[in-house]
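Enquirer: Residue-level listing of the chains:
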Amino acid sequence: MSRIRIGCGAGFAGDRIAPAVDLVRDGRLDFLALECLGERTVALALARRLRDPSAGADPLLAKRIRALAGPLAATGTRLVTNAGAADPEAAAHLAARVSAEAGAPMDVAAVVGDDVLDRIDLEQPAWEDGKPLGEHGEIVSANAYIGADALLPALETEARAVVCGRAADPSLFLAPMMSAFGWGADDWDTLARGTTVGHLLECAGQLTGGYFADPPYKTVPGLARLGYPLGEVAPDGSAVVTKLPGAGGVVDTRTVAEQLAYEVTDPSAYLTPDVAADFTGVRAERVGPDRVEVRGAVGRPRPDALKVSGGYRAGFRGEGEIGYAGRGAVRRARLAGEVVRERLGGAVRDLSIEVVGVDAMHGPQAQEGAEPYECRLRVAGRSHDREAAEAVAEEVDALYTSGPAGGGGVRVRVDEVVGVLSAGIPRDAVETAVVRVAARAAERPTDAEEG
Amino acid sequence: MVRLYEVAHSRAGDKGNVTTLSLIPYDPGLYPVLCEVVTPEEVGRHLGERVVGEVVRHRMDGVGALLFVCPRAPGDTVTESLRLDAHGKSMSSALLEMEIPLEP
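These protein sequence lines map, in sequence, to chains U and L. For the first sequence, the residue numbers in UniProt numbering are 1 to 451. For the second sequence, the residue numbers in UniProt numbering are 1 to 104.
Incorrect hints may have been included.
Said to hold, decoys possible - Derived SDA-like pairs: lysine to any residue, alpha-carbon spacing no greater than 25 Å straight-line:
{"#": "1", "chain 1": "L", "residue 1": "LYS15", "chain 2": "U", "residue 2": "ASP129"}
{"#": "2", "chain 1": "U", "residue 1": "LYS218", "chain 2": "U", "residue 2": "GLY246"}
{"#": "3", "chain 1": "L", "residue 1": "LYS89", "chain 2": "U", "residue 2": "HIS93"}
{"#": "4", "chain 1": "L", "residue 1": "LYS89", "chain 2": "U", "residue 2": "GLY246"}
{"#": "5", "chain 1": "L", "residue 1": "LYS89", "chain 2": "U", "residue 2": "GLN124"}
{"#": "6", "chain 1": "L", "residue 1": "LYS89", "chain 2": "U", "residue 2": "ILE353"}
{"#": "7", "chain 1": "L", "residue 1": "LYS15", "chain 2": "U", "residue 2": "GLN124"}
To be verified - Covered stretches of chain U (in silico footprint by chain L; criterion: 3 or more residues with CB under 8 Å from a CB of chain L, positions within the stretch not fixed):
{"#": "8", "region": "54 to 60"}
{"#": "9", "region": "89 to 99"}
{"#": "10", "region": "138 to 144"}
{"#": "11", "region": "245 to 253"}
{"#": "12", "region": "301 to 307"}
{"#": "13", "region": "373 to 387"}
{"#": "14", "region": "412 to 419"}
FYI, nobody ran anything at the bench for these hints, they're computed from the structure. Since the model is a prediction, treat every value here as computed from it, not as a measurement. All C-beta atoms, glycine included, are put in the ideal place defined by N, C-alpha and C.
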């Protein structure tokens with residue numbers, strides 16, 4: 001069997017849409033994956049769902065489908081995405097409706113069952129701090145990281161699009177490979193190689209020169225026109241990763257090395273629901289312009305338990321910033337910070353006061369040279385009491401008339417905080433299922449036919 | 001002394017209250033030298049207040065990259081942190097400020 005071509009058209013919830021459309025139009029793809037769900041994004045989706053039960057899907061999903069439905073249909077490319085976020089079934093209905101409105105109706109298969117809130121053991125320790133899950137505050141969500149085995153039945157339906165929620169990112173790519181090549185669920189080395197490719201692709205532009213430029217050491221041609229990556233995957237799971245020839249960006253051994261190591265906590269055992277992959281022997285070799293061949297991962301059996309990401313109510317965060325400039329700017333910013341601290345009078349236990357331009361990113365650093373011309377005071381505080389968090393924002397705002405001289409450009413915000421914890425759940429406690437949503441009647445000619 | 005920024009590149013990632021930092025020399029020939037001199041203890045000391053506890057270092061010999069796994073405080077996660085850079089994404093730049101004993 002020949003290679004299959006898998007593109008990644010989104011690496012996070014807010015990602016750009018045009019590069020995904022280019023990939024589908026010109027990439028001769030078999031599959032397009034959209035990875036739209038991070039630890040933080042799940043929490044945000046849950047926070048949305050707490051306010052509005054119908055708002056659990058990815059807010060950009062409709063926009064993505066509107067842009068992609070025509071090109072997907074015209075090229076026969078299939079879509080796999082975790083943009084179902086906190087509500088995959090609702091997302092599938094949304095995708096079916098929006099694709100019909102765009103003139104390219106899709107049938108959609110939703111994968112449900114990652115929501116394990118009703119069965120998670122709250123006595124077990126959180127991986128982050130060892131304290132029982134239930135002691136952190138009210139748990140409002142628990143989602144198991146489901147794997148390729150849960151996505152395969154949806155791919156077998158031959159629906160144009162597969163929409164899931166909390167699947168492991170590399171599984172979005174591994175499942176199409178398993179489906180196309182018929183890999184066994186215990187062919188650990190092959191699954192590890194496929195997982196390596198999925199891991200490299202999953203952050204989209206981060207493989208093709210996004211999040212990389214640092215001139216003059218690392219330059220990226222055409223960064224504004226950054227293209228997103230695709231993998232040409234061989235039946236043995238090795239692959240060439242590349243981008244569209246005309247797109248901006250760069251794919252070389254440096255971008256591959258940065259992304260291979262990205263968010264990995266143990267490269268000898270990168271754990272997914274599908275396999276324990278060992279990246280330490282992975283090699284990257286340039287085989288052409290913006291073409292890198294990746295091979296060498298080995299695998300061991302998958303973990304017994306699935307990882308669970310849990311969200312809990314962690315109070316409220318209030319933040320405010322105000323800018324100062326010219327002589328004495330840093331002195332005035334520090335004074336303003338002390339004033340806010342005194343006015344809050346201990347009402348907010350967790351308080352962070354920094355001067356942006358001096359010590360906000362990495363704390364106080366040994367600096368050479370003069371003070372910056374301008375800086376911003378930033379105050380952030382967290383409390384279980386919303387009014388206390390609001391007070392942080394209000395006291396920064398009040399610096400306009402009751403703080404040091406010359407402050408300007410106040411920005412404030414107050415958010416509910418959903419904390420995220422990790423834990424495990426036995427595989428047999430997680431039951432996934434596929435929900436089919438049939439294609440609707442087209443409501444207008446497709447963009448592809450028009451164009 | 002040479003600043004890591006002059007000879008290597010880095011990308012930060014985050015998982016819960018952990019920051020991961022890669023360190024990849026531009027010249028693959030420098031990889032064994034970095035393995036020798038950029039110890040997890042030195043990195044922990046250099047990164048300072050945001051990293052609490054022991055830094056663990058992994059080698060990725062296939063691509064010539066070091067990987068530092070740096071624990072942060074329990075509440076210092078991307079959704080809860082009070083920091084401006086809640087992810088800790090800019091910590092790669094902090095790592096590259098480190099100086100190592102090397103002829104420029």
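Enquirer: Please check whether the region 245 to 253 of chain U has three or more residues whose CB lies within less than 8 Å of a CB on chain L.
Expert: Since 1 is below three, the answer is violated.
Enquirer: Decide if the proposed pair is consistent with the structure: L/LYS89 and U/ILE353, CA atoms, cutoff 25 Å inclusive.
Expert: At roughly 20 Å apart (the allowed maximum being 25 Å), U/ILE353 and L/LYS89 satisfy the hint.
Enquirer: Run the distance test for L/LYS89 versus U/GLY246: straight-line Cα separation, threshold 25 Å.
Expert: Cα-Cα ~30 Å, so violated.
Enquirer: With a cut-off of 25 Å on the C-alpha distance, tell me whether L/LYS15 and U/GLN124 pass.
Expert: It holds: about 19 Å lies between the C-alpha atoms, which stays within 25 Å.
Enquirer: Would you say the region 301 to 307 of chain U counts as covered by chain L, given the rule of at least 3 residues with C-beta under 8 Å?
Expert: violated (count 0)
Enquirer: For the pair we were handed, U/LYS218 and U/GLY246, check the Cα-Cα distance against 25 Å.
Expert: 20 Å, holds
Enquirer: Does the alpha-carbon distance linking L/LYS89 and U/HIS93 stay inside the 25 Å limit?
Expert: 36 Å, violated
Enquirer: Between L/LYS89 and U/GLN124, does the CA-CA distance stay at or below 25 Å?
Expert: Roughly 30 Å separates the two Cα atoms, so the pair is violated.
Enquirer: Do three or more residues of the region 54 to 60 of chain U come closer than 8 Å to chain L, measuring C-beta to C-beta?
Expert: Answer violated; 0 residues pass the 8 Å Cβ test.
Enquirer: With a Cβ-Cβ cutoff of 8 Å, does the region 89 to 99 of chain U contain at least three residues near chain L?
Expert: Per the Cβ count (0), the hint is violated.
Enquirer: Closer than 8 Å Cβ to Cβ for three or more residues is the test here. Does the region 412 to 419 of chain U pass it with chain L?
Expert: holds (count 3)
Enquirer: Under the criterion that the straight-line Cα-Cα distance not exceed 25 Å, is the pair L/LYS15, U/ASP129 satisfied?
Expert: 13 Å, holds
The structure fails hints 3, 4, 5, 8, 9, 10, 11, 12 (numbered hints given earlier, in ascending order).
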